[in-house]
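Protein chains in written order, with the numbering used here: chain A, 16 to 386; chain B, 6 to 182.
Because the hints were derived from the structure by calculation, they are not lab data. These figures come from a predicted structure and were not determined experimentally. For each residue, glycine too, the CB sits at the ideal point set by N, CA and C. Some hints here could point you the wrong way.
Below, simulated SDA-like cross-link-like pairs (lysine to any residue); rule was C-alpha separation at most 20 Å, straight line [what the hints assert, rightly or not]:
1) A:Lys362 to B:Leu164
2) A:Lys101 to B:Ala68
3) A:Lys91 to A:Thr81
4) A:Lys362 to B:Val158
5) A:Lys362 to B:Gly160
Computed footprint of chain A on chain B; a stretch qualifies when at least three of its residues, placed anywhere within it, have a C-beta under 8 Å from a C-beta of chain A [said to hold, decoys possible]:
6) 57-70
7) 74-80
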Amino acid sequence: MTIELIAGAIKAILMIVAGLSLSLFLLYFERKGSALIQDRIGSNRATLTGLGKRMGMPNLGIINTTIADPVKMFTKEDFIPAGADKFLHTLAPFLSLFPVMITFVVIPFGDTILISGHRIGLEAANLNAGALYLLATIGLGVYGAALAGWSSNNRWALLGGIRATAQMISYELAMGLAIVSVIMTFGTLNLQEIVRGQGGVWFGFLPRWAIFTQPLAFVLLLVAGAAETKRIPFDLPESESELIQGFFIEYSGGKQAVFMLTDFAEQALVAMLLTTFFLGGWQIPWLMRDGFHLPGGAFLALPALAVSLMGVVAFLVKVVALCMFLGMVRWTLPRFRYDQLMRLGWKGLVPLGLFNVLVTAFVVVATGRVQ
Amino acid sequence: MPPFLYIFLGALAVVSALGVIIQRNPIHSLLALIATLMTVAILFIGEDAVVVGFLQIIVYAGAIMVLFLFVIWLLNLQVETGPTGHLALKLFGSLAAALLVTELFFILAPPHLQVKFTHEPVGYGSLASLAGTLFTDYLVAFEVTSVLLLAAVVGSVALARRLPGTDDPRAARKIAS
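Extracted from the complex, chain B is given alone in its bound form:
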């Protein structure tokens, strides 16, 4: 990927990430987050991590963000009016944020910042290499994670289940517990 494109996309990702926290409307924030995810995915693809890039679009931009959209719709979130709370709280919050930014600056500022460009072999981000790593070196971790997710799915179905004849999901929950 040519450097100017890399810088342009990076800047775009930062600007849209800023949009996520600056926008007052939750839907606009969500759109900015989708834009961030997309630009980062394009950066991945540009750096030859093609599969990771496309998976990011499929999983995050295509599925998880839609879930966020549903949550925003169903909770009926309104436009935020601004920070609320006690003045002392706001003051303390601003102070903590300023400290955090200073800390970040000292960590990231040169000469501590060491940028190293390594040239990965061609095809290191291909599906074959990704699948090879996932299903040989990390097979146990991968399978355990999938069992964990399955347990979560079964658990949520058990909790939300309605018994025949009742409209009360709590009846099923009593049985499940």
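Here chain A stands alone, though its shape is the one from the complex:
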């Protein structure tokens, strides 16, 4: 009992710390990666000792983004505009970060490990209604942006808040439909079970990942997820050229940093959702509990602990790769117009999602997997 409790607490903290450090990595990748793509140099000034510069080493901007930027943000003046609703203005950034942080806990990041006779599942909370929990917490993310826009007493902020609310509500529907078809495929709401269901191979070589059975749902969740993060090409709530910075225009210092952190944490969350639902979570192709079963009959035995740890690493690799993909989309595409955004959501993604659910239902019934 106690060891499970301690392990649960450690896993919950681990997951939140992992989410935060992934956000920090994404911040770095945002600065230097975008510079690389857009043929700029990017941040390359700050150093801790100046030693590397004197020795002629290139500055990679790591100090800039991981130390200098956050310290700058949190030491700036925390400004609340006149006429603003002080309480809600302060609450809003945390209201937008909190739902993302608590969503991390249901994501399975590995199989089980054996610690002194106790089998411990590598997910902070193994909920039977995990997928419902996800949808519930993601739905609550609306309020941070909405209240930030409203409480700032600024027209641009209010416009951004209204846009954010409408956009997130519209795309949540498509997101829910994409997740529903995966739930129907595996017949469970438990995320760990969904990942387990993606183990094994078809035809002797193709991993049983849901992306191969539900390619349409993968695209739907990718697009809807990108829209939920409110970033280019879906960054209408904060569009710099029209609304300056949209719903968090009146924020400075630490609270502004919390909004930016939320953006990156949401990006990491979307990558984790895509990995869990479609890319087999912690599954590695051809790796079973006892080792690699390569197509063609070759077999490589591995200890159970190594298999579990490799699963965790595989999960991280997939998440980081998807994060980078989402980042690259951001620096490549221009912004949608608002009517285009709404048309894509309601006339494109939602009907496609319903169609996908219908087809999935027929296939599930036809293959006789209904209890």
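Chain A is fixed; fit chain B onto it per the hints.
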């Protein structure tokens, strides 16, 4: 769910429900209502009605309350200044409220109040049992409700539709009627 947690959450729900009617600012009232819905949802989850609890958060806190937020924004509701109207109206209102509270007290006061704790079987609030009830015992009612909602959606779209070439939604309404 341990009793102290149950009492704490119940008290929280009551306090935030009071906040809904005490707050002068409509947005603050809305937030208090969201807090009420969330605490009740947690109570549901704590009592093993997991699916109902999460659906309450998804549907009410996540969607319907956002609709309320839009209504408040678009109607531009201001902070209320206090009860308005004739003195006699206020007096009559207070009297009616006092009567209602007395009535409630007599209904809820012991010995009429019978609290029964029943132990439901494990998993009675699971998705499987909920779906089983919804799609076997109450299938007809469920499907009829969905048709009714569909009719409402089609009707509202028909009413709000703008004909090509006109900016007047009334032209479409004439055709619809």
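Do the hints match the structure? See the list:
A hinted pair counts as satisfied when its Cα atoms are at most 20 Å apart, and A:Lys362 with B:Leu164 qualifies at roughly 19 Å. The hinted pair formed by A:Lys101 and B:Ala68 fails the criterion: a straight-line CA distance of about 26 Å is larger than 20 Å. With a CA separation close to 16 Å, the supplied pair A:Lys91 and A:Thr81 stays within the 20 Å bound. For the hint linking A:Lys362 to B:Val158, the alpha-carbon distance of about 15 Å falls within 20 Å, and the restraint holds.
Taken as a hint, the A:Lys362 and B:Gly160 pair is honoured in the structure, with Cα atoms around 18 Å apart against an allowance of 20 Å. Remark: the region 57-70 of chain B is confirmed as covered by chain A, as 7 of its residues place a Cβ nearer than 8 Å to a Cβ of that chain, reaching the required three. Here's how the region 74-80 of chain B fares: 3 of its residues keep a CB closer than 8 Å to some CB of chain A, so the rule of at least three is met and the hint holds.
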